[in-house]
Amino acid sequence: MDDRANTRRPPERTPERTIETVVARLGLTLAQPLGGRLIQPVLDLMISTLARRHPDAFERMAELGEADLLVDPSDLPAAFLLHVGQKPSLRVVERSTVATARVRGAFAALLDLFEGRIDGDALFFSRDLTIEGDTELVVGMRNALDGEDFDIAEDFGSLFGPLARLPLRRPLTSLAGVLGNLHEVLLAPALRRLEQVERRLGRLEEGKR
Amino acid sequence: MTMKKAELTLGPVLFNWAPEVWRDFYFRIADEAPIETVVLGEVVCSKRTPFFAEQIPSVVERLQAAGKQVVLASPILATTERERDGVRELVSSAGDFLIEANDMGCVAQLGGRPHWIGPFVNVYNEATLAWLARRGAVSVSLAGELTEPALSALAAQATLLGCELEVQVFGRLPLAISVRCYHARAHGLHKDNCRYICNEDPDGLTVDTLDGEEFLSVNGLQTLSHTYVGLTHEIATLQGMGIRRLRLSPHTCDMVAVAALFRSLADGVLGAAEARAKVLEMVAPAKLSNGFFHDREGVIDTAAL
Amino acid sequence: MASFELICPAGTLAALRAAVDAGADSVYVGFRDETNARNFPGLNFSRKELAQGVAYAHARGKQVFVAINTYPTAGNAGAWHRAVDDAADNGADAVILADLGLLDYAARSRPKLRLHLSVQASAANPEAIGLYRDAFGVRRVVLPRVLTINDIAKLTSEIDIDTEVFVFGGMCPMAEGRCSLSSYATGRSPNRNGVCSPASHVRYETRGSKLVSRLGAFTINTFDEEEPAGYPTLCKGRFTTHDKASYLFEEPTSLNALHLLPDLKAAGVKALKIEGRQRGKAYIAEVVSACRLALDRFDRGLPYDATVLDRVTEGGKDTAGAYGRAWR
Chain A
1 MDDRANTRRP
11 PERTPERTIE
21 TVVARLGLTL
31 AQPLGGRLIQ
41 PVLDLMISTL
51 ARRHPDAFER
61 MAELGEADLL
71 VDPSDLPAAF
81 LLHVGQKPSL
91 RVVERSTVAT
101 ARVRGAFAAL
111 LDLFEGRIDG
121 DALFFSRDLT
131 IEGDTELVVG
141 MRNALDGEDF
151 DIAEDFGSLF
161 GPLARLPLRR
171 PLTSLAGVLG
181 NLHEVLLAPA
191 LRRLEQVERR
201 LGRLEEGKR
Chain B
210 MTMKKAELTL
220 GPVLFNWAPE
230 VWRDFYFRIA
240 DEAPIETVVL
250 GEVVCSKRTP
260 FFAEQIPSVV
270 ERLQAAGKQV
280 VLASPILATT
290 ERERDGVREL
300 VSSAGDFLIE
310 ANDMGCVAQL
320 GGRPHWIGPF
330 VNVYNEATLA
340 WLARRGAVSV
350 SLAGELTEPA
360 LSALAAQATL
370 LGCELEVQVF
380 GRLPLAISVR
390 CYHARAHGLH
400 KDNCRYICNE
410 DPDGLTVDTL
420 DGEEFLSVNG
430 LQTLSHTYVG
440 LTHEIATLQG
450 MGIRRLRLSP
460 HTCDMVAVAA
470 LFRSLADGVL
480 GAAEARAKVL
490 EMVAPAKLSN
500 GFFHDREGVI
510 DTAAL
Chain C
515 MASFELICPA
525 GTLAALRAAV
535 DAGADSVYVG
545 FRDETNARNF
555 PGLNFSRKEL
565 AQGVAYAHAR
575 GKQVFVAINT
585 YPTAGNAGAW
595 HRAVDDAADN
605 GADAVILADL
615 GLLDYAARSR
625 PKLRLHLSVQ
635 ASAANPEAIG
645 LYRDAFGVRR
655 VVLPRVLTIN
665 DIAKLTSEID
675 IDTEVFVFGG
685 MCPMAEGRCS
695 LSSYATGRSP
705 NRNGVCSPAS
715 HVRYETRGSK
725 LVSRLGAFTI
735 NTFDEEEPAG
745 YPTLCKGRFT
755 THDKASYLFE
765 EPTSLNALHL
775 LPDLKAAGVK
785 ALKIEGRQRG
795 KAYIAEVVSA
805 CRLALDRFDR
815 GLPYDATVLD
825 RVTEGGKDTA
835 GAYGRAWR
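Residue numbers (our numbering), protein chains in the order written: chain A, 1 to 209; chain B, 210 to 514; chain C, 515 to 842.
Calculated directly from the structure, the hints in this document are not laboratory data. Wrong hints could be hidden among the right ones.
Straight-line C-alpha distance at most 30 Å; calculated DSS-like pairs for lysine-lysine [as the list claims (entries may be wrong)]:
#1 B:LYS496 / C:LYS562
#2 B:LYS487 / B:LYS277
#3 C:LYS668 / C:LYS779
#4 C:LYS784 / C:LYS626
#5 C:LYS562 / A:LYS87
#6 C:LYS668 / B:LYS256
#7 C:LYS626 / B:LYS256
#8 C:LYS784 / C:LYS668
This is chain A alone, in the form it adopts within the complex (with noise of 0.2 Å):
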């Protein structure tokens, strides 16, 4: 066989990628005692604007069907349920949530795969992203991402406009960076007050029992 074996390359790491993890790794880990109630809104929002800024995209994702597809990095401390379908719709969930398919790499790949900057395809064929279930879902998912030019910084930026002046190097490129620096916000006004914070949500919990 006159075949010419490689080896086999990790995918190149920018300095903005390992920053952006390790920024999605706490506010990830901040998120969690607090349950959705924080982020939900501002992944909520976040589908909204992707939606209303690239309708083709979704229009290629509705025509999947009604699905679930569970986005797991495996260097972040839970993981995120991307429902498609009608009414798309993101989640943060723990990594053993059941769904239609999973993808499992990297935080960072897994950004770079959203904004089409690596392929898909070789990361898979290099064991650096594993899939699991409806393996049409995710070949679907890649494809109507990768029909539009994604770029999280410029998709989110309008929306946390004053953020861009956070002392990161790449403040809002990804969405880890928005991940991280939007509980920075939302928490900002309540930071100070987080014990009562907590206080009055733990009273709702008990009043709902």
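For this one, chain A is given, so just place chains B and C on it according to the hints.
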């Protein structure tokens, strides 16, 4: 509507049989099998052609003496100079014999003269069928992956065109052709030095999945199904559409018995369930399939579900 | 003058822009339905997107071809006829067809439309190609990937229409357009449905430390933990013959014929085609740029790096495929 009597066609032997086995097989078909037409020729690998060349005259003579129509098949793939010469020679020397064209190069060389189209020319729709019929195709043997609705639409068009259609009802189904020899590859050999190793497997070399499940059969450059197509329950439907020709693809099992069985089935003498049981017995331990007809995976046998 | 025209794939408008920007001379695309051989979920062009893509390419002096290269379904050819009409009406520079009936339709109803013969027609000799030219006025043939360089040279000398050959990308070991392996296992075929080993029938399973890829009811391959994986395209799976497991049909490789540019030029080949409308725009941009660079250097008589694309090949391997006799 009066239904025309079904006719059985014996497709070309696809495998590399020893020349005398090949000859004796056809002698017996001539003498004993209730078959109307026999398609002759090496369609898979041009390297095998010389082996059969000297047997062909006696086989043709015996078949014709028995009242069988003989049709000469062109190769599936003709890329080299030698293979193209082979097709040219076939077309120029066929005389009164009809040729079954298995690639568009052969169709081109036939000009407008009457011919058959073999199952390796893609005929998926009415417009293609009409175009070929206008160029002299009088009978078209359809590819195995066509579904019942497609066959039905094609049959309606064929009736208008006065062109006969044929469907393979028995035998492993050809699925792919290549210039790479998988038999040689399986033995660690190169095609140019293949030692004609495909002669070890007169019904094809079994290809298993890694789970040990029988999946495909390799025949030199050709890949076939491991299952045998067995359209026993579908024959009445085919006849109802007006598809008159039923193709049997030769294997080492008793093809005279296979022919007799499908003859009885087509004539309504034998029931489909009984026929199926007998066919299943003949091809064992291999299984039957009819999935394509039912718009399913080709490997499936709907009668066994 | 450039030695070759570079023909590049695009599954989306973003990929088309990436291909044009990276140096494609022409981009080939398909509509978002079963009329083309890359009918994958979420992929391909709406009519509006085709018009936008054509505008983008034409503004930069580049061309767009529309592949309508599946075989129309009996009793239901309307979608294929509309595809031909809409390609012509939206300014496509050529349509790439495979089916005789559809070629006949296009030649009669759109006499000004430039017709290319798809690789899916498997026209592998001058006699066949001559027939398509005479009957339908076909101007270019995409040669099946079953020919050696010598076959191609001989063939090109005998025909008087352009030849286009694949230079990089996924490759079929089987004669294209004449393969039912996919539908045997899944019920869905390249010819009828525009898909081979479709994702809808693909499952990845973990068995112990092994990754198992399945197509329909069949195991196509298993991979050890550190082994590069492949998509379970049926003919690139691992199977067992004589109790020995092997890549019987083809290894999970990509075709890379960049090192054969001098031979392809000597053989009279007019256009080089990159496979992969299903691949992402990052891949398209990388492959097209690399090929453009190689072609430009080749045209100027400079040495070029034929291994530059090794990183993106499937399974990390490449092959010259049928262009070399040893492949057989």
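Structure-based check of all given hints:
{"no.": "1", "hint": "B:LYS496 / C:LYS562", "verdict": "49 Å, violated"}
{"no.": "2", "hint": "B:LYS487 / B:LYS277", "verdict": "26 Å, holds"}
{"no.": "3", "hint": "C:LYS668 / C:LYS779", "verdict": "13 Å, holds"}
{"no.": "4", "hint": "C:LYS784 / C:LYS626", "verdict": "22 Å, holds"}
{"no.": "5", "hint": "C:LYS562 / A:LYS87", "verdict": "24 Å, holds"}
{"no.": "6", "hint": "C:LYS668 / B:LYS256", "verdict": "21 Å, holds"}
{"no.": "7", "hint": "C:LYS626 / B:LYS256", "verdict": "44 Å, violated"}
{"no.": "8", "hint": "C:LYS784 / C:LYS668", "verdict": "14 Å, holds"}
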